[in-house]
Each structure stands twice: as structure tokens, then as C-alpha cells.
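Student: Residues per chain, in single letters:
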Amino acid sequence: MEVEPIPQQAEEKIAQIESADLVIGVVADLDLKSLVAVCDSLHALSDSPRIALLRDDHSVDPAAARADAANSPAAGNAASPYIVPWPLSQPDAAGTPMLSIPAAYQSVFAACEKLGARACCLIASKLESASAEWIGQLAVPLLEEDADLVVPYYARHKFEGLLNSSIIAPLTRCLYGKRIHNPLGPDFGISRRLFEKMGGAERSANRTHPLASLTPTALCENLQVCEVYVGARMYPPTDWTNISSIVAQVLSPIFSEMERNAACWQRMRASSSVPAIGDPIFVSQDAGTVDISRMVESFHLGNSDLQEIWGLVLPPSSLVELRKLARLPPEQFHMPDDLWVRIVYDFALAHRLRTINRDHLLKSMTPLYLGWVASYARDLETGGGLALEQRLERLSAAYESGKAYLVSRWRWPDRFNP
Amino acid sequence: MWQQIKQALAQSTARFLTRFADLLPGTAALILAVLISIVAGFILAAIVRRLLSSMKFDQRWSRWGFPSFSDWSPSSSPTLMVSRAIALLVIVAGFLIGLAAFDAEWTSLLARSVFAYIPNLVGAALVLLFGTIVARFIARGVLIGAVNLNLHYARLLSIGVKWLVIVLSVAMALEHLRIAPGIVELAFGILFGGIVFALALAVGLGSKDLVTKSLERDAHKVASEKIEEPFRHV
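Just so you know, the sequences run in chain order X and H. Going by the working numbering, the residue at position 47 of the first sequence is 47; the numbering climbs one at a time, nothing skipped. Going by the working numbering, the residue at position 22 of the second sequence is 1022; the numbering climbs one at a time, nothing skipped.
Because the hints were derived from the structure by calculation, they are not lab data. Even glycine gets a Cβ: it sits at the ideal position worked out from N, Cα and C. One should not assume that every hint holds.
As the list claims (entries may be wrong) - Label pairs and their computed distance ranges (CB to CB):
no.	chain 1	residue 1	chain 2	residue 2	range
1	X	L312	H	V1134	41 to 49 Å
2	H	V1134	X	Q307	16 to 24 Å
3	H	G1204	X	E196	55 to 63 Å
4	X	Q307	H	E1175	35 to 43 Å
5	H	G1204	X	E308	25 to 33 Å
6	H	G1189	X	H334	49 to 57 Å
Make the full structure from the sequences, and use the hints.
Tutor: As C-alpha cells, then:
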């Protein structure tokens, strides 16, 4: 992987440190004291790993950071982490995380390479729990258990992380045969071995998205992947005017990875779990009615105005089903999982074939996605945690049973067009 | 007197026959040039047809966003349309070459001016083609964006934007062809202004409810802030 140049302000500090075993990059707004406490607990591990903590200049007030650093136990303590001020991400509008986090990954990889570290972590989320212990939990399997990729398993509210629940997680499970609940992180622990494999992949394929390619690379290279149970993530509020851009930004790298790893995922058949560390954390699920009229309206509008575009992407059978769906009264509106799964597969194929401009393609998928979210919300309106798990399991099963359709369409896009 | 009449008649007959004999090689050359160009045109058209068929040009054409344009073409096949256009071009070029063989001043002038006009024709065709592609691309983007914003006049907006760009490119193409530039300028101004005015009226009237809702929302902002959407996508 082509690593980012080292920022000038960090160069001097890096020269002092020389080497480290673990590099932790922190983009999220977390206070230094709790980070130092986490590093101290990691330092107490068997071979006392040396830790470099990269702090994002943009995420904190510089004056507060200086005061924090001066007051922290790390100051003047040789056993504590090396704290390096490092611009991990550009300040960005809320709700578009895919733009800045890849840059943060590039920075962490650059530091990791420079310091010859065995592993690195990137922390981009803030969890609902005040404690920062979970950061240490991401790092321990890398240092102690020889894991290559440590993925967080966030406790989930039923209506949060919907792009992940509806597409990313079940698609990853179906394609690569491992049940990983948050394949896009964005918090990850990565071993040097995986980082080097990614470097090889980067050289051969030129453009990859670090966040989207971590899990597929680890799974296709048969590396050790595990999940760590952590608390619930805090998500930015939905910006309804920007949702199609978010859909396009998130799905484009996922579909590109799918294209890049086609030879790998076509060999995979059934799926299996990955080792999970810790105890599952449950959060309360609010039961109550939700307003889905806006999403159903968006689906109807898309169905009446975007037929011309959907007609280039979807086979006639799916178009007929969508028309039938549009004729249902709003209170009976329900998009079946198998139809949704075929839609996702057909859009992935159209992305590969460049049927139309890729940005237009993915943005035109938004009304369909909102249609599925409306059906999902109706299913889970009054359900609790168990109902959520069962609902998502049903969706994942639909993805897996539709894989034969995907493989046929992928291999013979012109001949297999039901 | 009779001698003079006979002499004039003989001279005019000789002149006519000489002129006619002069025309014969040119006519033969014209016929030959047209025949050769017909043969060359059909061979070239067959090659182009085969090449485009192997490239699946018809499917690509509709994928590029010109499904309606293919309706104009023979048998709804853009491949046939392109190959026949090429054959026609070759035949016209052969005819012009044949005309120039007459060696008469007016025919060479005609051929020369027609050949000199070809770059303008090609330029105008390119402007039109590029304009159509851009118009369709922008219209599709506007349509998707407007649908995702839940605007009920999304299609109208998209069609309006498409015709704005098409009218602009047609005006540019006609300007390039130097066809009645004054009228084109005037007609373009009227059409362009008309479309913008019609769009402004349609969108303005269509979004009346939207503006009302927006103002109402602002008025009850405090109340609405309490109702938070439970959905988080990323």
C-alpha cells in the first residue's frame, strides 16, 4: 500500500520513538486520560508491548489537548505510550465518514510501517458507554492470540446501522462465507501480516478502499479473523437530503471489492461463524410505532420516475414485482427479502458492467433501499432484541440462498436474464 | 448568302459536337466514379456493420442513454444507421469527385465549396452528438437527485434541463453551419427563455405546498425538534 508521507509535526516525535509494537490511531473524540489508561493496561500484557498513540489534531481542541497531555500520567513516564499528534483525518461534514476514515487508515499504516509495529488499531467511533476499555479489547487478540483482523461486534439498536444490516453484513457473509457483523468497522485491529497482504493487493489492483478491503482481504487470504463484543455505537443523525450520496459512497467500494475478489467469493459456499471474544452486550429496544410514510413515498416516486434507469439494471421479473409492490396500499407495503437480495445483486452486477454512470447507478438505488427499510421497520416495530436477531438471520439466509442467482448473473450477464 | 448560312450551321454543329464530345469523358468519369463509390461504400458499410455488431453497438447505444434515438434508425438498429450513413457519405464523395472530372469551372467550384463545407458539417454533427450526450447525462442526474429529494416534479425538471441543453447545442450546431445566424440567435433566445420561464412557473407552482410546509416547519421548529427520527443508516 502506498503510505502517506509523515506529517512534519510528527516526524520529530517519530524519530525519538524509533520503534513500537502497537500503533493506535484515534480519530474519535476521546479524552487523553482514558486513552492513556487503556494503553497502560495493554502495557501490562506479557511482553510489555511499546505503544504509540496517534491523536487526531482535528478531533480535539489543541489547547485542551496540550493541557491534557501535560496533566496525563504519560508525561515523563517511560512505560506509558508515546503520544504523537498526527492529522488522521480532514474535518468533514457529519454523516460522510467514508471520506475521511480511509485517509486516517493510510496515516496509521504509514506510522505502522515507519515504526515497524506488529499491529495497529484505528478508533473512529464513540460508544454509548463512557469507558474506553473496549479499545484495549480490540488490541489484545492482535498481541496475545495472533489474530490478523479484530472486528467489533457492536451491540445494536434495531433501527441503527441500517446500511450495514441490510446490505454490507449479509452480503459479506454470503460472499466470503464468514458471519462478521460489522465488516466495515470502522474500528479495527489489524496485524502487520494483513497490512502487508493489503500492500500486495494494492500494488496489483491499484485502487482499493482500505476500510472496504480489510475484511475481504483477510478472508480471501485465510487469515485469522475474530470479533470482539463491544457496546452500542453512537451514529450521526440521518440527513435525508444527503442519503443517496451516503448510499453511493458506502456501496461503491463494497461493489468494487466484490469485483476485485470475484475469483475468491465464487468458490465459497456455506457460511460459518468467526470466534467471538467477550460477552454479548444487549441494549434496550424501544418498542413503538415509527413513521415510514416518507420512505414508502420515496419508493413510489422512484417506481414512477426511475423505471427507465431500473430497466437497464434489473431483469423483467424484478421490475414486474416492483410494479406489483407499488400498487399495494401503504399499510400493506412489504418488500420481500428475496426480491431485495436480487436487487442488490443486480446493482452489484451493473456496477461491475458500468451499465450507466456508477454514481447515478448507486444513487438510483436509494428509493429501493428505503422501500426495504420501510418493510423492515414495519416487521420490527414492536419487536425486541430476539426479533431483531431472527429478522436479520432471515435476511442473511435470503442472501445465501440467492447466491446461485448472483453467480449465474455474474458469469453470464447476457444469457441469464430472467 | 446561302454559303454563309451553311457555314454558320456547320460551325455551330461542329461546336456542339465538339462540346458534346468534350462532355463524354467527364460523363464517363462521373458514372465510373459513382459506380466505384457505390461499391466502396457498400464494402465499407459491410465492414463497419460487422465491426459494430461484434462490439454489440446496439446494446451499448441504448446503455449509453439513447434508446429513443435508435427509433429513428432503420429497423431500430443504430448499427444499420451508422453503416448506411457511411455508405451514403462515400457515394456523395464519389459523385463530387465525378463532377470535378468535367473540368468545367462551375463544377469544380461546386465540388470545392461542398468539400470546404464538410468540416462545418462534421463540426456541427459533433456538437449535436456531444450536446445530446451531455443533455441526457445531466437530465439523468437531475432526475435521480430530484427523486431522492422526494420532489414530485422530478421528471418535469429533468425534461426541462435536458431540452435546455439540447436547444443550446442545436443553436450552436446551426451557428456552426452558418444557417440564418440572425434567425437562429433570435429563435434560440426565445426558446431558451421560454423553457426557463416555463420551468420556473412549473417548479414554482409545484413547490407551493413545499414552501408552505417549510414555513410551517420553521414556525413550529421547537415542536418538531422533539420528534427525532429513529433511523440511522451509516
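Student: Each hint: holds or not?
Tutor: Hint check results:
Taken as a hint, the range 41 to 49 Å is violated for the pair L312(X) and V1134(H), whose Cβ atoms sit roughly 19 Å apart. For V1134(H) and Q307(X), the hinted distance range of 16 to 24 Å is satisfied, since their beta carbons lie about 23 Å from each other. Restraint check, G1204(H) to E196(X): a C-beta distance of roughly 60 Å satisfies the suggested window 55 to 63 Å. Under the hint 35 to 43 Å, the C-beta atoms of Q307(X) and E1175(H), about 36 Å apart, fit the expected range.
At roughly 26 Å, the beta-carbon separation of G1204(H) and E308(X) lies within the given 25 to 33 Å, and the hint holds. At roughly 52 Å, the beta carbons of G1189(H) and H334(X) sit within the given window of 49 to 57 Å.
This entry does not satisfy hint 1, going by the numbered hints stated previously; all others are met.
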